[in-house]
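Single-letter residue listing:
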Amino acid sequence: MQVESPGIAAFMMSPTRPLARPLQSPTVRIRAHGGWSPPDLIGIVQHRELLLSLTDRDVRVRYKQTALGVAWVVLQPLLTALIFAFVFGVVAGLATNDRPYLLFAFAGLMAWNTFATTINRVGYSLVGNAHMISKIYFPRLILPLSSVCSTLVDFGVSLALMLLMLVHYRVWPGWGVLLLPVWLTILLMMGLGIGLVAASLMVKYRDVGHLIPVALQLGMYISPVAWSTSFVPEKYQWVYQVNPFFGLLGAFRWSLLGETVPSSFALAYSGLFALVCMVVGLLVFQVQERDFADVI
Amino acid sequence: MSSDAVVISARDLGKSYTIDHLKARPTSLREALRHRLRHPFGKGRRERESFWALKDVSFDVRRGEVLGIIGRNGAGKSTLLKLLSRITAPTTGSIDIVGRVASLLEVGTGFHPELTGRENVYLNGSILGMRRREIDRKFDEIVEFAEVEKFLDTPVKRYSSGMYVRLAFAVAAHLDPEVLIVDEVLSVGDATFQRKSLGKIRDVTSGGERTVLIVSHNLTTIHSLCDRVIWIKSGKVFLDGPVGPAIEQYLSEDLGRTENVFDVEDAERAHVKETALRLRRLTLNDGREVRHGEPLTVDLEYRTERNCDGVAFGAFFSNIEGGRVMCVDSDVPTSERFDIAAHTQGKITLRAHENLLQPGRYILGAVARSADNSLIDYVPSFTQIEVHAGPSTPPILVGRANEQLSVRYPVEARHENRPIDSPCGEVTDKDMTAFAHTWPAARATHDAGNGRHAAGPSPTQERPAPC
Chain A
1 MQVESPGIAA FMMSPTRPLA RPLQSPTVRI RAHGGWSPPD LIGIVQHREL
51 LLSLTDRDVR VRYKQTALGV AWVVLQPLLT ALIFAFVFGV VAGLATNDRP
101 YLLFAFAGLM AWNTFATTIN RVGYSLVGNA HMISKIYFPR LILPLSSVCS
151 TLVDFGVSLA LMLLMLVHYR VWPGWGVLLL PVWLTILLMM GLGIGLVAAS
201 LMVKYRDVGH LIPVALQLGM YISPVAWSTS FVPEKYQWVY QVNPFFGLLG
251 AFRWSLLGET VPSSFALAYS GLFALVCMVV GLLVFQVQER DFADVI
Chain B
1 MSSDAVVISA RDLGKSYTID HLKARPTSLR EALRHRLRHP FGKGRRERES
51 FWALKDVSFD VRRGEVLGII GRNGAGKSTL LKLLSRITAP TTGSIDIVGR
101 VASLLEVGTG FHPELTGREN VYLNGSILGM RRREIDRKFD EIVEFAEVEK
151 FLDTPVKRYS SGMYVRLAFA VAAHLDPEVL IVDEVLSVGD ATFQRKSLGK
201 IRDVTSGGER TVLIVSHNLT TIHSLCDRVI WIKSGKVFLD GPVGPAIEQY
251 LSEDLGRTEN VFDVEDAERA HVKETALRLR RLTLNDGREV RHGEPLTVDL
301 EYRTERNCDG VAFGAFFSNI EGGRVMCVDS DVPTSERFDI AAHTQGKITL
351 RAHENLLQPG RYILGAVARS ADNSLIDYVP SFTQIEVHAG PSTPPILVGR
401 ANEQLSVRYP VEARHENRPI DSPCGEVTDK DMTAFAHTWP AARATHDAGN
451 GRHAAGPSPT QERPAPC
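Chains as they are written, first to last, in the working numbering: chain A, 1 to 296; chain B, 1 to 467.
Check before you lean on any hint, since a few could be wrong.
Using 27 Å as the maximum straight-line C-alpha spacing, the simulated DSS-like pairs for lysine-lysine come out as follows [to be verified]:
| # | chain 1 | residue 1 | chain 2 | residue 2 |
| --- | --- | --- | --- | --- |
| 1 | A | 135 | B | 347 |
| 2 | B | 200 | A | 235 |
| 3 | B | 200 | B | 150 |
| 4 | B | 138 | A | 135 |
| 5 | A | 135 | A | 64 |
Source of the hints: derived by calculation from the structure; they are not laboratory data.
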């Protein structure tokens, strides 16, 4: 189901393959076929304003009728970081010696929250907009993408807060900070990929919706979000090494706080995992896309 | 591109759904669990059956055509629209559409209750495929059309339902596509707004450049907007042709109908949210034919699910173009209303001492209203009836499709006559009583004899009407 220039259809393996930009009077070709079709990139570009509108809606709606408004974007992670700093740093005495514990916890939480929120929002993006899916056409990928965009807005605010805190504590993270967008991209790919699988499955099985919070909680415990792995007994270290998020966390902390450079093996592992997530996610999503409106 | 270029071309369209059902349904949780445990992954005793909601549907639509799609509930109209608007994919066949397509399966898709009217206009506009610049340009027009200027910055959750649908319709009405696909969205808001929106739709469809597909249960709307009709029956195109004959045939096909007895239990409803009272059967003149100038009885049989107080019943007659011509109503002007207990059934008989409908064909509808005049049950235009001439019918009305009301009251006719050459001639005054044949205010012209002329507030005819 695609906007294409007429006449080229004969060359295409799949009738939904995106082609050159549409002509003056675009032809919509609708063909019966099953199975996988590649993502409709042209359609997404054409619907970019919808993508922005939906992102705008998500951000606006979240802070409507709240007294503090967008301040919650900052307050939520900050309060969590403070709690972590108290529980792990003061009570449990797991403080890292060289950096203020609050910074350490906040950097980890920033990465983890962005990841978890991406999975959560992308996962619910189809079911949460079921009404739109059954009433109007647009490239379905717009919905998860707009969830990612709204997560990015949150990340931006957290990042600003992080920078303020760095200035306050007089910590210079070093030039590694320039690599932060790379880590963020890997993180979003991982989150989007997993989220896409969850979203596609949730259309048919709402069970996934119940599973997501549990899985994320588990994920948080096996990722050293608020504590350093040096406190983990040697024989359990492998759990952290297997976790693909481990390398990413290290990379975030390195870029933001100038901590030890994570091993390139761990980073490559994270990157590869993110790529696999993305491919699998898109595959699962595209295979199911045409049935969303019938099943949701 | 020439004006008769094919814009939409559908070929062998089919859509099948798989229905899953258990051969023997487990009746208790324990049974269901046991069944699950025995067949943890398999479908067990489940049976799969495929159901073709649409099959072998082919048609072409040319540029500028306004095509109506009609059919009973479940015939496959909505499935066809969903395929055409790309919401769901066909199982077989293909569709090609040339030009920018906008589909409107409901108004207000994506409206968010927490957002303000202004924010929702932009959101809904972009969901419908408008560019931001386009919305900027049309914004004032949209707001003015919806009549919500004062509440633009109020969240729409605080809107009245009327304001909400008006705003939603206004956004949709300002879409400017080359091909427009519309489903049943014409009837929103109060009567005034409905007229306004119908006018807007007419503007949209009358340009001749825009191709429009409309699905509606409202045959009046279809008749007044469309050139051509496709009648979908059991998932297939049953009839494809000009609007007049198609609607006539659609109305005359009424299963299980003896003369002037109509089962309306399963007829299509409009604007009815829940069943408190359901009209079941309507009988005219105990099943005998309806004649002009003779008494008319309307029997309405109903059953109730809930207590209904102050119910008024009515039957109404519209001409083929959809203009309402006559109502026989318990509340007008006699104010007869009825308190009816839950879970009962009954029959209301309405008797009019004279049937004023002139001979011709009329569309029949029925209604039950509650004490506050909201609709309890509303069966619009479910069938077509024939009114025959009676013994008192003036010959001029016989054998013509008049489809209007004849009101009987005395008319004073004045006759002036003089030779063409003389400056002033003899005037004869002669009081005559005639039957003036007037028409409802909505149709200000009437067709007496061959010439059309306007009927004034007190129409007099040059020649006394024969009676």
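Taking the hints in turn, this is what the structure says about them:
As the CA atoms of residue 135(A) and residue 347(B) are separated by approximately 41 Å, the hinted pair breaks the 27 Å bound. Taken as a hint, the residue 200(B) and residue 235(A) pair is broken in the structure, with Cα atoms around 74 Å apart against an allowance of 27 Å. Restraint check for residue 200(B) and residue 150(B): the C-alpha separation of about 22 Å stays at or below 27 Å, so the hint holds. Of the supplied pair hints, the one linking residue 138(B) and residue 135(A) holds, its CA atoms being roughly 24 Å apart against a limit of 27 Å.
A threshold of 27 Å between alpha carbons decides the hint, and for residue 135(A) with residue 64(A) the separation of about 26 Å falls inside it, so the pair holds.
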